Amino acid sequence: MKDEFLDLVRQVLDHEVVDSNNLPCGMVDDLEVSGGPGGELRVTALLVGAGAWTRRLPSGFEGLAAFIFGRQQTRVPWSEVETVTERVKLRSRAEELGLGGADRKAAKILEKVPGSG
Amino acid sequence: MRAHEFQYMEVLTESGRFLGHVFDLRSRGEPEYGEPHDARTVHEIVYGRLGLFERLGITQAEPQTIPWKAVKAIRDGKLIVDDSVGERNRG
Amino acid sequence: MKNIVELFLGILTAMGGFVEVGELVFSVDAGAKFGFRLLWVVALGTLGITVFCEMAGRVAAVKGQPVFNLIRERAGLNAGLVTLVAANLVNLLTCTAEIGGIALVWQLLSGWPYRWLALGALGFLLLVVWVLSFQWIERVFGLLGLLMCTYLAAAYYLRPNWGEVAAGFVPGVPHLESSSEYLLFAYFAVAILSSVMLPYETYFYASGAMEDGWNPGDVNLNRVIAIVGSVLGSVLAVALVVCGAQVFRPHQIEPQLPGEAALAASLTLGRWGLLAAVGGMFFAFAGAAIETSLSGAYNLAQFLGWPWGKYRPARTAARFSLTWIITFVLAALIIMTGVDPVSVVEYSIVFSVVILPFTYFPVLVIAGDRRVMGEEHANGWFANAVGWFYLGIVTLAALLAVPLLIVTRGGKG
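Residue numbers (this note's numbering), protein chains in the order written: chain A, 1 to 117; chain B, 1 to 91; chain C, 1 to 413.
So that you can see chain A by itself, here it is in the shape it has in the complex:
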């Protein structure tokens, strides 16, 4: 039995994002919405990254969180979304979409240590 609608806050926002290889590459930290009253309202992109979720915090905490986690965010066009189930799966690989960069940067620190894979 398939759902006949998609609730964007309940089913997409704050859900895990995985790429075409099922690698976790972030959460849906916000959604870009275009249009407005009097016309169409469309969800046009996923927003992934600290820059997106820190903006949702109360103003005092936003600064602190951004200091710790940064303000980087990536825009993933909705056309990249392949399936929406428990997770949001994308059509391309993380690097192609500009995702997972933070983890790759962090990996450089660990590369020097033997046994880091």
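Just so you know, the hints here were simulated from the structure itself, not pulled from any lab data.
Treat the numbers as computed from the prediction; the structure is a model and nothing was measured.
All C-beta atoms in this analysis are idealised placements derived from N, C-alpha and C, irrespective of residue type, glycine included.
Some clues are possibly wrong.
Here are a few chain C residues that sit away from chain A, every Cβ distance over 10 Å (derived from the structure) [said to hold, decoys possible]:
{"id": "1", "residue": "111"}
{"id": "2", "residue": "140"}
{"id": "3", "residue": "153"}
{"id": "4", "residue": "157"}
{"id": "5", "residue": "175"}
{"id": "6", "residue": "232"}
{"id": "7", "residue": "275"}
{"id": "8", "residue": "400"}
Residues on chain C that point at chain A, a partial pick, calculated with CB under 10 Å [to be verified]:
{"id": "9", "residue": "64"}
{"id": "10", "residue": "69"}
{"id": "11", "residue": "78"}
{"id": "12", "residue": "130"}
{"id": "13", "residue": "131"}
{"id": "14", "residue": "249"}
{"id": "15", "residue": "313"}
{"id": "16", "residue": "322"}
{"id": "17", "residue": "368"}
{"id": "18", "residue": "370"}
Since chain A is already given, all that's left is putting chains B and C on it; use the hints.
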């Protein structure tokens, strides 16, 4: 705009009657299962009463919907909808 | 066949991992001050941790998702962040206390300066977690933690009045001399409840379920392991209370350091008992240090959507790996500031209980949500009733903890 700005936005009719808070943006059509879409059109606003228990997730609020076409404006961070909606969804 | 082995190992691992430094210190001290009259709190806490571990494990097994992903989805970003910060603060505090505990245990054996031993403990923990797989870590520290069974033997040979021990399991407050003694009793009740119900156990258990690759079919296995492992582990805590009561109470000594607990073992079992007890304490504390640091890393990674897991090569879960590394380093640095390790243990337990309601509430709500878990796997009326009852208890304990800490001047009365 961003989706999070809609969350818990107050919903008022043009004549000022308070209806509830926005819970969700509903798009008709099945969740993505492989076919590419440029965007998802939002067809309805899902809203309801938001008491303490609902905020904590202990109880589910009764969701009601408004077609996006009935939304007249967004003013001062509140969603202003057509008066007729208030009548239809009363009770 | 595989399931039987898995079950057996799971139970033993849960049992060996039950005791950590706060539990040890407070259990022995509770025995020394109040004899067996706080044993019912050990039982109360054990049932509570069992209920929540089972819920968290069931959620992970059914959803195939770790608990913190679901907390963010279900409770939203802001509420989820509160839980995250709360849980990770407790993790850091507990990890710090465990590293202090390891250093104290080594000091007992070697006599070397405590702060340098903390550095040594850091090196040891970093090496072990970096090199060993999740399964190896689980088994080694869980099973070797079973050396704590030495205290079971010690308790037996100390010949307590078993009738009085049994009476200690009946909930109640003994007749005491003064109001400050009643307050002290309440303080110890709160502390023991906290030490038995530390939240890292719940979240770590759920992530561990995913590291071990559980699925909905493993729900029953999950229940048995949670219940039996916790009950057996609590028997160790009971033994510690008995040792405290038999060894220290008659002389009105107030045991503070873990080393003093080991005395109880050596009195009845001689040199080998002492070595086994010390070995047990080392593996129990080190295991707890590892679990709290990994738990913090799991929580953060799952909440923010980073790749995570010990099953991944460290380079492919880089921020996750850096998180547990940084946790260990921070914990060791705190110890090296020279802060009194017993105070660290005390504060970690007290602040853990204050934060406890924030960490348990989301688990309870998610496990009971039929939309998330499905009709079959959501909480039945019994799990819900018990879960809400415990939330009430831990909330009460959370409200009383800091006032009691102040009024009893840190358990000194």
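Verification of the supplied hints:
no.: 1; hint: 111; in the structure: holds, 33 Å
no.: 2; hint: 140; in the structure: holds, 17 Å
no.: 3; hint: 153; in the structure: holds, 39 Å
no.: 4; hint: 157; in the structure: holds, 45 Å
no.: 5; hint: 175; in the structure: holds, 49 Å
no.: 6; hint: 232; in the structure: holds, 35 Å
no.: 7; hint: 275; in the structure: holds, 32 Å
no.: 8; hint: 400; in the structure: holds, 28 Å
no.: 9; hint: 64; in the structure: holds, 7 Å
no.: 10; hint: 69; in the structure: holds, 6 Å
no.: 11; hint: 78; in the structure: holds, 7 Å
no.: 12; hint: 130; in the structure: holds, 6 Å
no.: 13; hint: 131; in the structure: holds, 6 Å
no.: 14; hint: 249; in the structure: violated, 48 Å
no.: 15; hint: 313; in the structure: holds, 2 Å
no.: 16; hint: 322; in the structure: holds, 6 Å
no.: 17; hint: 368; in the structure: violated, 18 Å
no.: 18; hint: 370; in the structure: violated, 15 Å
Checked against the numbered hints above, the structure violates hints 14, 17 and 18; every other hint is satisfied.
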